[in-house]
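Heads up, the sequence shown is in the numbering used here, so the first residue is 1 and it goes up one at a time.
Derived from the structure by calculation, the hints contain no laboratory data. Idealized CB from N, CA, C, for every residue including glycine. Do not take every clue at face value.
[Stated by the list, open to error] Straight-line Cα separation of at most 20 Å, SDA-like style, residue types lysine to any residue; simulated pairs:
1. 208 to 258
2. 196 to 186
3. 67 to 261
[Claimed, not checked] Using C-beta positions, here's what the derived DEER-type ranges look like:
4. 212 to 168: 40 to 46 Å
5. 91 to 241: 38 to 44 Å
6. 127 to 59: 43 to 49 Å
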Amino acid sequence: MISLKHIIKVFPILIGALLIACSAQSVLSEGKSQPELDSLNLSECKAFTCVSEIDSSFQSNLKKQGKRMLQIYLIRHAKPNVKKNWFYSAAEAQQYVIDYNSVPIIPFDSFLVSVQLRPEHTIYCSNLPRSQETALNIFGDKFTVVSDSVFREFEIRMISANSFFKLPLGIWQAFSRGSWMLGFNHRGIESHKEAKLRATQAAENLIKVAYDEETAVLVAHGMLNGAIESELKKKGWKLIQKQGHVNLGATILVKTVDIEQ
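All chains, full assembly: derive it from the sequences and hints.
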């Protein structure tokens, strides 16, 4: 069993590794531009998140060259309706996780998300209530919504500690997630390695949808969206918007391919 005492010893190492990773991610993001993206007309939509097809004029010009652009939207669910306290014991923090995974979302204004897609698109979400409810609220009236457990959030198990310790929830999450990433804290849940493999499969599933429909849309979770983004970048996809870690925000990635593909 992993205790708070053991995690504290390795936490400085973890923080350093995370800072290096974030720095590298920033450098990669700065290099995302490419010539054909310069003329891509982004939507004039004024909503917080806009979901639309690739600009028709831009796509038409590409197709004259024997190419087409594909895009993938990674949208994060709306905020769950769960009360957050200032301080938690380890057991209370674990109960918060259980509640977070089961409660309904907080209702949100429909104008926050604008959708301009052809009705034949299928929208994907995870099997967790907050993802399903968000997807149905945004897309359910006009689109088929398909739930798949491959798109669920990375699991988290709070580390064990004496009930005397009361810490902010974010500290418990950082210790617990950090120890999980280091391979110490995955009893009863998937390991970090298993989660990364699942994210790879999720990315492959979305790529297939994008090749079939040109636009793929997923309503999922912050960490899962980030992991899928990383996998897509490895496969040559370019980041044009990064908000998939924010409630109702979207990360958008695109790739230009030959029409024959």
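To see whether the hints hold, each was checked on the structure:
1. With a C-alpha separation of about 15 Å, the suggested pairing of residue 208 with residue 258 holds against the 20 Å cut-off.
2. Between residue 196 and residue 186 the alpha-carbon distance is near 14 Å, which keeps this suggested pair within the 20 Å criterion.
3. For the suggested pair residue 67 and residue 261, the alpha carbons sit about 9 Å apart, so the restraint of at most 20 Å is met.
4. Separation of residue 212 from residue 168 is about 45 Å and conforms to the stated range, judged on CB atoms against 40 to 46 Å.
5. Restraint check, residue 91 to residue 241: a C-beta distance of roughly 39 Å satisfies the suggested window 38 to 44 Å.
6. A beta carbon spacing of about 33 Å between residue 127 and residue 59 contradicts the range 43 to 49 Å that was offered as a hint.
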